[in-house]
Amino acid sequence: MFSEWKFTAKDIAEKPDLFMPGHRACAGCAPATVMRLITKALRGPTIATLATGCMEVVSTIYPYTSWKLPWIHTAFENVAANASGIEAALKILKKKGRIPYEHVDVIAFAGDGGTYDIGIQALSGAVERGHDFLYVLYDNEAYMNTGIQRSGGTPFGASTTTSPAGTVMPGKLEYKKPIADIMVAHDTPYAATASPYYWRDLITKARKGVEVNGPAFLHVLAPCPRGWRSDISKSIELSRLAVETCIFPLWEAIKGEYVLSSPSKPIALKPERKKPVREYLKVQGRFQHLFEPKFEHIIDEIQQITDKRWQLLLKKCGIA
Amino acid sequence: MKIAKQKTLALNGDEAVAYAVKQSDVDVVAAYPITPQTIIVERFSEYVANGEVDTEFVCVESEHSALTACLTAAATGARAFTASASAGLALMHEILYVTSGCRAPVVMAVVNRALSAPINIHCDHSDSMVERDCGWIHIYVENSQEAYDSIIQAFKIAENPELLLPVMVGLDGFTLSHTLENVQTLPDDLVKKFLGTRQFPLVTNHEAKTVPFKLDPGNPVTMGPLDLYDYYFEHKRQQEEAMRIAPKIIQQAHEEYAKISGRHYGDGLIEPYHLEDAEMAIVCVGSTSGTVKTIVNELRSKGMKAGLLRLRTFRPLPVKEITKALENVKAVSVMDRSLSFGGHGGAVFHEIRHVLYDASTHPYVVNYVYGLGGRETHPNLIHKIYRDLQRILKTQRIEEPVQFIGLRK
Amino acid sequence: MTNQEKGWKEIPPAGVCWKSSTQYLTGDWKTYKPIRDLEKCTRCLLCVLFCPDGAIHWKPEKEDIEFDYNFCKGCGICANECPVDAIEMKLDEET
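As given, the protein sequences belong to chains A, B and C, one line each in that order. Residue numbers for the first sequence follow this note's numbering, beginning at 1 and rising by one. Residue numbers for the second sequence follow this note's numbering, beginning at 1 and rising by one. Residue numbers for the third sequence follow this note's numbering, beginning at 1 and rising by one.
None of these hints come from the bench; they were simulated from the model. Worth double-checking, as some hints may not be accurate.
What the hints assert, rightly or not - The following label-pair restraints were derived from C-beta to C-beta distances:
(1) A:103 to B:93: 31 to 39 Å
(2) C:10 to A:266: 57 to 65 Å
(3) C:25 to B:121: 52 to 60 Å
(4) C:70 to B:320: 36 to 44 Å
(5) B:116 to A:168: 51 to 59 Å
(6) A:256 to B:373: 47 to 55 Å
Unchecked claim - Below, computed lysine-lysine pairings styled on PhoX-like, alpha-carbon distance capped at 25 Å:
(7) A:308 to A:270
(8) B:209 to C:6
(9) B:248 to A:94
Ideal Cβ placement from N, Cα and C applies to all residues, glycine included.
The shape of chain A in the complex, shown without the other chains:
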């Protein structure tokens, strides 16, 4: 099914950037790193489409563009429908002999804004119809581009501008929607989670997603220092801590079979390696309020949910 592409850091570094410098992302923006790394995984002629959101806005302020690929943006909630239309056109044009390429890959990017909530209908439809495309969710856990409002991907207890931590309420009261699991439940041939710190794992998975014949879904955690109120130099470090605390474990589901990925495996093998969620929460301003005495029990709750979901994942992977 997969080509088992082998590559070194040098190979990746030497590949020209398809997501070019000069974009207007904030300093320390991990989604920008994610864009760069994922586009390094592409294997040939590709058409890209983005949903409205941070990455779309910062990279295409007219008349400038950061994209070396053919690229289209239409609206916020429909990037999966964009991809459907492009893929359908490519299929029929190839059949009619009107395009010179053997194969063209289609890649769609959206934030948690354009995926979890407003975008889920189009995503669900596109996946159900089985279009051949890779959907990358760069998850910064809130509607960052419009000012850090909460989304279905915002974690429990996080303070956002529409779920602020106040005197009475401790931030978002709802749990993070398990979007990747929802995609697995759609019988998506390939679904996976990734984190930019684990760049090799990320690029490998992106390449697999592109190679799969049919829809593939890649959920990438992409810390936003602006919205997470964290240090701009720590965005990649946070993407590591999220995995080490098992808040964002890394796995793949190949035709519905869960496989734990190498960055999360060491923790499965030696549970004492698992870092307490506190270590992850304390370096982010959006969780600062949880360290007040009246909200400290929320940290315990976060630890419990994390542990529960981690155990469930291990079971799905056939471990424990």
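Got chain A sorted already, so can you dock chains B and C onto it with the hints?
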């Protein structure tokens, strides 16, 4: 060119549209069913199932996605078609603007149906009239024959490399869509020849190269960027410019098609009927024009100078043509099958009045809102309108500029 | 809005972008500048991979890393992730 030998088929409006799409070598059809458009998608999927068309048919999960998929398919270089009505068209609203802003030559059949609430499945023009600002070309047909002809012409118009505007063709729900008519159809190869394959204008991309305007890995372009206040206005002016050259292109396609089909619809923009010496006239859009024509014939046989102006192309608004057609008419009654609540009448009334404001003579112009939610427009009502016009001419007074007919008090 | 901006007749249709973002230098955003200790650096290339702006390049012909300060925003991710602490963020005196 000789007029082609045509085959007469018994088709309802929806079937006629589906048949036209079948012959037009459409590459992608992405559609979502909604009464009264359902027959279009059903018939088309039968063609697909029987291998009669070479089209990628995408059964999308909503109208919003239907138009989106057509837009990006067209951006990738495909010929794309969709159809909708009423709430479905309303759901597409956001993307209607995006499609025209992205200059994607999508063709859509709108089977005119009332908007909710209350939910109503029958004909009126409220669904597409409310979209008159969205930057699409709007053509309204009188019968299923014209629906067939206009869909084919629509692809030619939309894909013109100088134009690049999406086109919607409106046909009345149930009255046309579900009623059988004899439709003359052209031979397959002639339609294919008439349309040809898509040609792409050239644009300058970010690598300072001149490349075809489509998504092509060999010649990348970025479409649909963010405009700040420094460029948005200019981009919109470009769209308006396209609308300004559209009448010429619509008429060109209409003429070329008339040569092979033998059928004209006025000059392609408007269809005047007995207007040369008319004193009183009705302005009408859609299938009710057919009823009005019958009444005009009756009145003319009694020596009355009655006429009809059927508006075929609503956007771009054929200002010159309307002014010329009505220049000798003394009293005009504009029939509207939609209503702008609180807006002192319907859309067509507003536009006719404002077009005639600049004319050298000002006839009396009144409005009759009719047929909302599929209310039947009986010939008696048309007679009443002409009687009212006569009274206006006699008394030189308008009693009530906006009236409703066929409404129970 | 200056007079140098192109009018509606001159720009390509449909909003097709006609400038590469590499013409927009974001380097003046930075407050701190990454300075690399060439002796400590092991050329692991993590900084090249992690930079959100692609402002660090691996130059195969020089067999070395090069920082492009025209685009570096001074976020410090490179310094934070360097496994041998070869990068230090120093105040950028130029701006």
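Hint-by-hint comparison with the structure:
A C-beta distance of roughly 35 Å is found between residue 103 of chain A and residue 93 of chain B, which places it inside the suggested range of 31 to 39 Å. Evaluation of the 57 to 65 Å hint for residue 10 of chain C and residue 266 of chain A yields a pass: the beta carbon distance comes to about 59 Å. Between residue 25 of chain C and residue 121 of chain B the beta carbons are some 59 Å apart, a value that agrees with the proposed interval 52 to 60 Å. At about 55 Å, the beta-carbon gap between residue 70 of chain C and residue 320 of chain B misses the expected band of 36 to 44 Å.
For the pair residue 116 of chain B and residue 168 of chain A, the beta carbons lie near 40 Å from each other, so the given range of 51 to 59 Å is not met. The given range of 47 to 55 Å is respected by residue 256 of chain A and residue 373 of chain B, whose C-beta atoms sit roughly 49 Å from each other. With a CA separation close to 17 Å, the supplied pair residue 308 of chain A and residue 270 of chain A stays within the 25 Å bound. A distance of roughly 18 Å separates the Cα atoms of residue 209 of chain B and residue 6 of chain C; the hinted pair therefore holds under the 25 Å criterion.
At roughly 34 Å between alpha-carbon atoms, residue 248 of chain B and residue 94 of chain A are farther apart than 25 Å, so this suggested pair is violated.
When each numbered hint is compared with the structure, violations occur for hints 4, 5 and 9.
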